[in-house]
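Student: Single-letter residue listing:
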Amino acid sequence: MSPAPECANSGWQPTASMQTLRQRAQLIARVRAFFAERDVLEVETPVLGHGGSTDVYLASLSTMASTPAGEERLWMQTSPEFHMKRLLAAGSGPIFQLARSFRDGEVGRRHNIEFSMLEWYRPGFSLNAMIEETVALVHRVHPAVPGGPMRSVRHCRYSQLFRDLLSIDPFTSELAELRQLAAEQGGLEMASAARDECLDLLMGLVVEPTLGQNGLDVVTDYPASQAALARRHRDPEDGQWVASRFELYLSGVELANGYDELTDAAEQASRFAEDNLVRRQQGFSEVDADQRLVAALEHGLPAGSGVALGLDRLIQLALNKKSVAEVMAFATPVA
Amino acid sequence: MANYSTNEFKGGLKVMLDGDPCSIVENELVKPGKGQAFNRVKLRNLMTGRVWERTFKSGESLEGADVMELDMEYLYTDGDMWYFMKTDGSFEQYAVEKKALSDAHKWLKEQVSYTVTLWNDNAINITPPNFIELEVVETDPGLKGDTAQGGSKPATLSSGAVVRVPLFINQGEVLKIDTRSGEYVSRA
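Protein sequence lines, in the order shown, are assigned to chains S and X.
Under the numbering used here, the first sequence has 213 at position 213, and the numbering climbs by one with no breaks.
Here the numbering used here = 1-based position in the second sequence + 1000.
Extracted from the complex, chain X is given alone in its bound form (with noise of 0.2 Å):
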C-alpha cells in the first residue's frame, strides 16, 4: 500500500496505525507562532471502534490500509460464522466471525444488504443499513383503541433483538425499526 503524509490526511483515508486499521475522522494542524508545525490527528480503529487520538510531526507519513466498504447480502449462519455474498453479481461468499458481527447481529435478517467492511479481505465489520424490516414473533397482546396513548411494551422481532413498541402492536406484524437506535420508527 502507498504511504500517505500528514498534508495527506483527510476524513475517511484509511490507514495503518499500530498493527491495526483505521479510518481518519479529523486532522487538525497545530503550528505555534513561528514554530514547527504538528498534526493532532484523530482515528477510528476499525477492529474495535474506538476513536484514538494522536500527534505526528507535520510531514510523517503512515501506510495505507487495504481497507474496502462493498454492500454484501447476508445469507446465513452455521453458529459459528455469519456468510455474506457479495451483490455485484460474482456470488461471491464471505464467512464473518462473531467479532466482526458486533452489534449487527441483532439485525440480521437473510437477503437485506449490509455494508461489509474488508481488511486484506476479511471481513472487520458489519454496518446495518439505518432501517430494516422485521416481524414480531414475540409480544404480548395488541391493546384496541389505544393508537392515541403513549405506552410502550417490549417485542422480540425475528432478528432476536428486544425493542419497544406501542402497545397496539401484534405478533406476526412487520415493523420498521432504525438500527442506529434500535427504535421503532412504524409499522412497515
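Extracted from the complex, chain S is given alone in its bound form (with noise of 0.2 Å):
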C-alpha cells in the first residue's frame, strides 16, 4: 500500500486560510458601517447571565461561578436577545451587536457550538420594515446576491410552501396526514409525533432546500406555536393564528430570524413557564428564566422588531464556501 499523504492539518491550523479571515474582515467593516449610516449603536453584552433561553429546542451551556452572592450557575447565551431588550427598555434606542453565542451539540456544515450572531433591535419598525432593512444589509454583505440590491426578493407564506411543495395545508391537515408524510419523507417512525415535529422535519428537508435559489426568500406567517419571542396575530386572509415573524433565506440557508417582539411581560413569563413544562414532560433539564427580562418589559419595552442574523453563514456564502468552519479562525472541533 502506497502510504497515505502526509496529513496538513495536525490539529492545531485555523479552519480559515489568512486569505479568507481578511475578506472576514472586510465583510465585518461593512457591517458596522451600515449601521453607522443608520444611526444604530453598537453595544456589547454580557455572554454570561443568570438566566438562559428556556427555549425547547436550543440547547443552552452553563457554567459554575463564584459571585459575591455565592456559587451560582450562569447560562451562556443562545443569542444576545434578553441583555438587548433590557437595553431597550432602558431607553437605549435602536442598538445592534455582534455577539458570540452558544448552543450545545450544533456542529455540522452549517452549524457550530460556538459562533457569531449578528442582532439589532429597532424601536417603532414593523416587520416589513425589518424586512427591508435586512435584505438591504445582506445585499450589502454579500453584492453578489442574485438580482442586486433590493431586488428579486420573494415573500412567502409558511403555509403556501406547504401546499406548493408537499399539498398540505400545515394549519389545517389531519396530524396524522403530517405524520405519515414526516415518515415518508424522512425515512423514520413518526406514528408518535406531534404536530410541530412533523412540520419542522418537512421544512427541514423538503422546503428549506428550495428555498433561497434565485435570491432571497422571505418567509412569513409561521404556526403561532412556533412564535418563540415574537408576537402573534389572526391572519386577516384565512383567520389562522400566526406569530408575527419571519425568516430569510439564502441558497438554501436560514440567515436571519426576525420578530415583532413580544413585548407583553405576562405573556412572556407565561411563556418561559410553558417551555420548562415541555422541557421537562420531555426529560430535558430545565433552564432558569430570565426574571429581569420579565421586570424590564413590565417596566416597559417599546414596541419595534428585532433580527437575529448568523453572520458566519452570512459570510460563508458571501466568500462562496462550503462550511462555516472555513470562515471562523478555528471552529468548534479543533477549538
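Everything labelled a hint here was simulated from the structure, so no lab data went into it.
Some clues are possibly wrong.
To be verified - Straight-line Cα separation of at most 25 Å, DSS-like style, residue types lysine-lysine; simulated pairs: (1) Lys321(S) - Lys1086(X); (2) Lys1086(X) - Lys1098(X); (3) Lys1042(X) - Lys1109(X); (4) Lys1109(X) - Lys1176(X); (5) Lys1042(X) - Lys1057(X); (6) Lys322(S) - Lys1010(X); (7) Lys321(S) - Lys1010(X); (8) Lys1109(X) - Lys1086(X); (9) Lys1057(X) - Lys1106(X); (10) Lys1098(X) - Lys1109(X); (11) Lys1057(X) - Lys1109(X); (12) Lys322(S) - Lys1042(X).
Hints in hand, dock the two standalone chains.
Tutor: Here it is as C-alpha cells:
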C-alpha cells in the first residue's frame, strides 16, 4: 500500500485561510458601516447571565461561577436577545451587536457550537420595515446576491410553501396525514410525533432546500405555536393564528430570523413557564428563566422589531465556502 | 456494544442499522428556524456496499457495530472458501466466503496483504491494496518498437483478471495494476 499523504492539518492550524480571515474582517467592517450610516448604536452585553434561553429546542451551556452571591449557575447566551431588550427598555434606542453565542450539540456544515450572531433592534419598526432593512444589510455584505440590491426578493407564506411543495396545509391538515408524510420523507418512525415536529421535519428536509435559490426568500406567517418571542396575530385572510416573525433564506440556508417583538410581560413569563413545562415532559433539563427580562418588560419595552442573523453563514455564502468552519479562525472541533 | 447518539455520529463510526453493520459517511444537522433538530445521515452498508440516507431525530441513538479492519495475508483457496492469515504474528486464519470477497477476487495473490473487515469476528469484506503486481499469463505477442503508440490489447493476469495493456507487453511480464480502477499503471 502506498503511504497516505501526510495530513496537512495535525490539529493546531486554523480552519479558515488567512485570506478568508482578511475578507471576513472586511465584511464585518461593512456591517459596522451599514449601521453607523443608519445611526444604530453598537453595544456589547454579557455572554453569561443568570437567566438562559428556555427555548425547548435550543440546548444551553452553563457554568458555575463564584460571585458575591456565592456559587451560582450562569448561562451562556444562545443569542444576546435578553440583555439587548433590557437596554431597549432602559431607553437605548436602536442598537446592534456582534455577539458570540453558544448552542450545545450544534455542529455541522452550517452549525458551530460557538458562533457569531449579528442581532439588532429597531424600536418603532414594523415587521415589513425590518424585512426591508435586513435585505439591505445582506445586499451590502454580499453584493453578489442574484438580482442585486432590493430586487428579486420573494415573499412566501409558510402555509403556501407547504401547499405548493407538499400538497398539505400545515394549519388544517389532519395530524395523521402530517405524520405519514413526515415518515415517508424522512424514512423514520413518526407515529407519535407532535404536529410541530412533523412540520419541522418537512420544513428542514423538503421546504428549506428549495428556498433562496434565485435570490432572497422571506418566509412569513409561521404557525402561532412557533412564535418563540414574537407576537401572535390572526391572519386577516384565513383567520389562523400566526406568529409575527419572518425568516430570510439564501441558497437553502436560513440566514436570519426576525420578530415583531413580544412586549407583554405576563405573556413573556407564561411562555418561559410553558417552555420549562415542555422541557420537563420531554426529559430535558430546565433553564432558569430571565426574571430581569420580565421585569424590564413590565417597565415597558418600546414596540418594534428585532432580527438575529447568523453572521458566519452570511460570510460563508458571500465568500462561496462550503461550511461555516471555513470562515472561522478555529471551528469547535479544533478549538 | 456501546450506543452512539446522533451528535457522536461522525465519518467512519460503525453502527448497526436494520440488522446490518454500517459505516457513517456523513452526518448533517437539519434544524429549521427555531424548530426541532434532525440529523440527515449517510451510511454505507458494510454487507452490501450500498449507501443509505436516513433521517434521525437529534439525540436518537444507534447500537455500535463490532467492526474491525485488519491487515491479513492471502494464503490459498479450496474452491469454496478463501483463506487469509493475520499479519500480527498470531498466524490466526480466517475463512472468507465468496460473497465477502466480491471484487477483490480479481486481485488475489498469495502473500500479499489485504484489508479484511471483520464483523463479530466474521470476514464481511476484503479490500485489496491500491496497487498490486501481477504476472501476465496470456496476451497476444508484443509488438516491438510500439512504445509510443496509444494502442492497447487485453491481457489475462495470474489472478484471472483481464486488463487492457499497451501493445508492447509480453506474456510472462509482471505489471503494476491500480485495483481501484482496474487499470494498467506500468511494468513492475
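Student: Which of the stated hints cannot be reconciled with the structure, identified by number in ascending sequence?
Tutor: Failing hints, ascending: 1, 3, 9 and 11.
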